[in-house]
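When you get a sec, could you build the whole thing from the sequences and use the hints?
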Amino acid sequence: MRSETGIVNRRRLLGGVALGSAGGLILAACGGGSKKEPAASSNTTDNGLTAIGTSAASSGAQKDPVRGGTLAYSIGGDPPSFDIHSQSTYLVNTTMAPVFSTLVRFKPANVGEAPDGIEGDFAKSWEQSADGVRYTFKMNDGISFHDGKPATSADVKASLERMMNPPKGVVSPRQDSLAIIDKMETPDAGTLVIALKQPAPSLLPILAQGWMSIYSAQDIAGNFDFKLKANGTGPFKLKEYARGNRVALDANPTYFVKGKPYLSGVNIFVQVDNGARVAAFQSGQANFSMIFTESEIESLNAALGKKMTVERRNGYGFNSINFGHNAPWTDERVRRALSLAIDRQESIDLLYEGKGFLSGYMPGGGAWALSDDELRTVPGYAKYSDKTVSEAKQLLQAAGVKQGHQTTLVTRRGKAYEDYSVFLKDQLAKVGIVASIQVLEDAAAYDAFNSRNYDLGPWSHAISLDDPDAVFAEFYLSESPRNYSGIGSAEVDALFKKQSQTLDLNERKKLVKEMQFKALPLYGKLIAAWSTRRWAWWNQVQGYTSHVGLYNYNSHADTWLEKS
Amino acid sequence: MARYVMQRLIFLVPTVLFVSLIIFYLMNILPGNVAQMVLIGPGGEGAAKAEDVAKLRAEMGLDRPLPVQYADWMLGVVRLNVGRSLWSHEPVFGELGRRFPLSLELALMSSTIALLIAIPSGVIAAVKRGTWLDYAARVFSLVGLSMPNFWVGTLIILFLVYRFGWTPPLGYSSLLENPWKNLQQLIWPALALGYGEAAIISRMMRSSLLEVLREDYVRTARAKGLGDQSVVIRHGIRNALLPVVTLASIQFGYILGGTVIMESVFSLPGVGRYLVDAIAHRDLPVVQTLVLLFALIFIFINLLTDIIYTKLDPRIRLA
Numbered sequence: 001m002r003s004e005t006g007i008v009n010r011r012r013l014l015g016g017v018a019l020g021s022a023g024g025l026i027l028a029a030c031g032g033g034s035k036k037e038p039a040a041s042s043n044t045t046d047n048g049l050t051a052i053g054t055s056a057a058s059s060g061a062q063k064d065p066v067r068g069g070t071l072a073y074s075i076g077g078d079p080p081s082f083d084i085h086s087q088s089t090y091l092v093n094t095t096m097a098p099v100f101s102t103l104v105r106f107k108p109a110n111v112g113e114a115p116d117g118i119e120g121d122f123a124k125s126w127e128q129s130a131d132g133v134r135y136t137f138k139m140n141d142g143i144s145f146h147d148g149k150p151a152t153s154a155d156v157k158a159s160l161e162r163m164m165n166p167p168k169g170v171v172s173p174r175q176d177s178l179a180i181i182d183k184m185e186t187p188d189a190g191t192l193v194i195a196l197k198q199p200a201p202s203l204l205p206i207l208a209q210g211w212m213s214i215y216s217a218q219d220i221a222g223n224f225d226f227k228l229k230a231n232g233t234g235p236f237k238l239k240e241y242a243r244g245n246r247v248a249l250d251a252n253p254t255y256f257v258k259g260k261p262y263l264s265g266v267n268i269f270v271q272v273d274n275g276a277r278v279a280a281f282q283s284g285q286a287n288f289s290m291i292f293t294e295s296e297i298e299s300l301n302a303a304l305g306k307k308m309t310v311e312r313r314n315g316y317g318f319n320s321i322n323f324g325h326n327a328p329w330t331d332e333r334v335r336r337a338l339s340l341a342i343d344r345q346e347s348i349d350l351l352y353e354g355k356g357f358l359s360g361y362m363p364g365g366g367a368w369a370l371s372d373d374e375l376r377t378v379p380g381y382a383k384y385s386d387k388t389v390s391e392a393k394q395l396l397q398a399a400g401v402k403q404g405h406q407t408t409l410v411t412r413r414g415k416a417y418e419d420y421s422v423f424l425k426d427q428l429a430k431v432g433i434v435a436s437i438q439v440l441e442d443a444a445a446y447d448a449f450n451s452r453n454y455d456l457g458p459w460s461h462a463i464s465l466d467d468p469d470a471v472f473a474e475f476y477l478s479e480s481p482r483n484y485s486g487i488g489s490a491e492v493d494a495l496f497k498k499q500s501q502t503l504d505l506n507e508r509k510k511l512v513k514e515m516q517f518k519a520l521p522l523y524g525k526l527i528a529a530w531s532t533r534r535w536a537w538w539n540q541v542q543g544y545t546s547h548v549g550l551y552n553y554n555s556h557a558d559t560w561l562e563k564s
Numbered sequence: 565m566a567r568y569v570m571q572r573l574i575f576l577v578p579t580v581l582f583v584s585l586i587i588f589y590l591m592n593i594l595p596g597n598v599a600q601m602v603l604i605g606p607g608g609e610g611a612a613k614a615e616d617v618a619k620l621r622a623e624m625g626l627d628r629p630l631p632v633q634y635a636d637w638m639l640g641v642v643r644l645n646v647g648r649s650l651w652s653h654e655p656v657f658g659e660l661g662r663r664f665p666l667s668l669e670l671a672l673m674s675s676t677i678a679l680l681i682a683i684p685s686g687v688i689a690a691v692k693r694g695t696w697l698d699y700a701a702r703v704f705s706l707v708g709l710s711m712p713n714f715w716v717g718t719l720i721i722l723f724l725v726y727r728f729g730w731t732p733p734l735g736y737s738s739l740l741e742n743p744w745k746n747l748q749q750l751i752w753p754a755l756a757l758g759y760g761e762a763a764i765i766s767r768m769m770r771s772s773l774l775e776v777l778r779e780d781y782v783r784t785a786r787a788k789g790l791g792d793q794s795v796v797i798r799h800g801i802r803n804a805l806l807p808v809v810t811l812a813s814i815q816f817g818y819i820l821g822g823t824v825i826m827e828s829v830f831s832l833p834g835v836g837r838y839l840v841d842a843i844a845h846r847d848l849p850v851v852q853t854l855v856l857l858f859a860l861i862f863i864f865i866n867l868l869t870d871i872i873y874t875k876l877d878p879r880i881r882l883a
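Same order as they appear, the protein sequences are chains A and B. Counting in our numbering, the first sequence runs from 1 upward without gaps. Counting in our numbering, the second sequence runs from 565 upward without gaps.
Worth flagging that the hints you see were computed from the coordinates, not collected in a lab. Any given hint might turn out to be false.
[Claimed, not checked] List time: in silico EDC-like cross-link candidates among lysine to aspartate or glutamate, alpha-carbon distance up to 16 Å:
| id | chain 1 | residue 1 | chain 2 | residue 2 |
| --- | --- | --- | --- | --- |
| 1 | B | K613 | A | D176 |
| 2 | A | K509 | A | E374 |
| 3 | A | K197 | A | D176 |
| 4 | A | K518 | A | D250 |
| 5 | A | K229 | B | E615 |
| 6 | A | K415 | A | E441 |
| 7 | A | K425 | A | E346 |
| 8 | B | K613 | A | D447 |
| 9 | A | K168 | B | D636 |
| 10 | A | K124 | A | D147 |
| 11 | A | K510 | A | E332 |
| 12 | A | K498 | A | E514 |
| 13 | A | K168 | B | E623 |
| 14 | A | K229 | A | D250 |
| 15 | A | K229 | A | E240 |
| 16 | A | K393 | A | E346 |
| 17 | B | K613 | A | E332 |
| 18 | A | K355 | A | E298 |
[To be verified] Label-pair distances were calculated between CB atoms; the ranges are:
| id | chain 1 | residue 1 | chain 2 | residue 2 | range |
| --- | --- | --- | --- | --- | --- |
| 19 | A | G77 | B | A618 | 45 to 55 Å |
| 20 | A | D141 | B | P743 | 44 to 54 Å |
| 21 | A | D141 | B | L739 | 45 to 55 Å |
No experiment lies behind these values; they were computed from the predicted model shown. Note that the Cβ used here is the ideal one computed from N, Cα and C, for glycine as well.
Shown next as structure tokens:
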């Protein structure tokens, strides 16, 4: 069987492998995989801190919309259900927003979510009473649901009531925000009157959120399975859904805005792997995205160059630290020390790849944000330096925290969370605190947070609306559901109540500012930095304006595809 | 043989019961619950107030005594109706019916590719032992064993997109819906998985055949004047296949439910991804049903392997 002449001895084999490897290296160096210079993307809009105002015209001169074509983009998981009233995830919002209308909406052409940037969607117009407690909405004509039934003010009323008083088996995350509504009346099919318990300047921004979808009153009263089916009045209707695969939407031929939508359909693919999403976009299988990281955008820029457009906006996500009920973190001096010890700019450079911004409890660039100078006056939020680290050490000493004190950072699995925890461990080490990181699987992590069973909880949160009522009610009041530290004050709660009833915008802004100055130094949630969000699309995609908020403009009624 | 098969099927019942009890117990002692996950959402974007969690748990029937929950579920298994996913509200068997064919197809394709590569390369490596062919086959195996299959899959995607500007079409289509699209989507993960499988099977084939070729009956066959080819094919390979069959069947079972990362890389809605998501969401009906299904699959694969043994080696009799 074995031939003497055919035997390869070990020396010859190793020599052959070495020669072959060297040859391969030489070939590679000679340009077998030659790298092109990264092509600069000239279609990049970076709004920095100015999020309000009309969108930069990244697509050049105005063109006439072209009909047809399918928008295709990927999301990172399956929507848990189609019942947008009961959900809080972008997976449901971005999938279902094209299917439903809302009573009012933020102006599509605006980048930000200013209180005065709202227009009608289902509603044609509205009037507000002088005392601010009564709103009369007039509906657009000719609205019908996808099943053909006409839509009236009764459907709006039923939808809002469903969110205010959810039926059995449904939990409504927006229930508290709608508690200001006293009663609703529908004197005729085209009119809805909302009477409030008190003046509430946040009513319109709350109603303008993408979550406030209008369902059919008949469906609500019947046995309609909102989790698996969708019957709306939006520009697109649900064609099919295959879990783990895709959601397919078709254009609604009876959409009440004549001439729209321009697209014939939207395909939303489920792709959990980041690399797969990037590859699909690069090959053109997907022509739109709102969830790329900075390095993914750079990689795509290098590959596609001027074929794509990128827009960056100040995002609504932020890195924060939550505090458990264990000493010494219950001591406000210790929490302030941590705030002084963190190099926030470094966290932006490392964790947000240089694209992020500093702000307090309200997102930077928005109507309610503190300026950089104002933020630096808040104890614990001064610009990082050796002096702030020294001050931190003094505070810890005064609070009795010894050098080498051991603590645990509890977080959930995922690159963003784990990287952030490693960063914090390093920051804590500067002031002599030795931290160990405990990465938990999601369900276990949420359980730990809800039961306050941790020392420090580095976490990435996001707000859904740039409005103090929405943000503070969710995170910073004494009884807020996501105040995981359980730290609040009666003073902040009182200011919240006052500003939520103040109709004069300038006066309200002053109160909100004061509220932030009172709340931030409590360190119920220590803000590290806010993230930047990126949108990318192939240049054939036209008519779309990216928004600072992820949840409030996803209908694609104005989007169209240029024929290549 | 019929008696043997019946005995194995009878043993299936206590095995399944044992597995079901274990998984039910484990899922109920893990921290977190599906009601909390539903409220907080997959990305942690929501809030879960204690009273809302309690209310939702009650509505899902999770506040019932554990024995009642277990009995209810087992009854559903017997009736082939375990109800709906607590997370997505979709019927469990319906969702399984959609995903299982994909996983089965992927397992069959990758196993076929693996065997087509591994058996010839293993035989050649054994027959040409010590030659450059042997070393080449062994290096091929070593590389396949060293590289995780999901990494190979990622490399394939990157190669396709950077070299050809092409990726497999998005939105899985079954073989019946669109065979060409289905092939474009599944051939790449099948190649990545098949290579990893082939690496293991090839080594087993080689060492098994080398051992068989040293046996007395092979020496006798040569002494009687049979040619090398005849000896190897008629006497060597058939006897060397026994451990290969075992290995291939275990690999097949693993691929049916264990290729979560590959499904993620290639965006395929398979059973693996379904199970992992269900565990993350604490979706009890789905996890319990799938684990039970995998237990059954492995039992049947083992039984099938035993039957194949008898065909390969007549000396083996099933008691």
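Consistency of the hints with the structure:
With a C-alpha separation of about 12 Å, the suggested pairing of K613 of chain B with D176 of chain A holds against the 16 Å cut-off. Restraint check: the Cα-Cα separation between K509 of chain A and E374 of chain A comes to about 14 Å, which is no more than 16 Å; the hinted pair holds. Distance hint between K197 of chain A and D176 of chain A is fulfilled; the C-alpha atoms sit about 13 Å from each other, no more than 16 Å. Between K518 of chain A and D250 of chain A the CA atoms are separated by roughly 49 Å; this puts the pair beyond 16 Å, and the hint is violated.
For the given pair, K229 of chain A sits about 28 Å from E615 of chain B by alpha-carbon distance, which is inconsistent with the 16 Å threshold. The hinted pair formed by K415 of chain A and E441 of chain A meets the criterion: a straight-line CA distance of about 13 Å does not exceed 16 Å. For the given pair, K425 of chain A sits about 14 Å from E346 of chain A by alpha-carbon distance, which is consistent with the 16 Å threshold. For the proposed pair K613 of chain B and D447 of chain A, the alpha carbon gap of about 11 Å is at most 16 Å, so the pair holds.
With a C-alpha separation of about 22 Å, the suggested pair K168 of chain A and D636 of chain B falls outside the 16 Å cut-off, and the hint is violated. Restraint check for K124 of chain A and D147 of chain A: not satisfied, since their Cα atoms lie roughly 22 Å apart, outside the 16 Å limit. A threshold of 16 Å between alpha carbons decides the hint, and for K510 of chain A with E332 of chain A the separation of about 26 Å lies outside it, so the pair is violated. Of the supplied pair hints, the one linking K498 of chain A and E514 of chain A holds, its CA atoms being roughly 11 Å apart against a limit of 16 Å.
Our distance criterion of 16 Å between C-alpha atoms is met by K168 of chain A and E623 of chain B, whose separation comes to about 8 Å. Proposed proximity of K229 of chain A and D250 of chain A is supported: the alpha carbons are some 14 Å apart, at most 16 Å. Straight-line distance between C-alpha atoms of K229 of chain A and E240 of chain A comes to about 9 Å, which keeps the hinted pair within the 16 Å bound. Of the pairs offered as hints, the one joining K393 of chain A and E346 of chain A is violated, with about 19 Å between alpha carbons and a cut-off of 16 Å exceeded.
This hinted pair does not check out: K613 of chain B and E332 of chain A have alpha carbons roughly 25 Å apart, beyond 16 Å. The suggested pairing of K355 of chain A with E298 of chain A holds, with an alpha-carbon distance near 12 Å, which does not exceed 16 Å. The hinted range of 45 to 55 Å is not satisfied by G77 of chain A and A618 of chain B, whose Cβ atoms lie roughly 26 Å apart. Between D141 of chain A and P743 of chain B the C-beta distance comes to about 49 Å, which sits within the given range of 44 to 54 Å.
The beta-carbon spacing between D141 of chain A and L739 of chain B, approximately 49 Å, falls within the hinted interval of 45 to 55 Å.
Comparing the model with each earlier hint shows violations of hints 4, 5, 9, 10, 11, 16, 17, 19; every other hint is respected.
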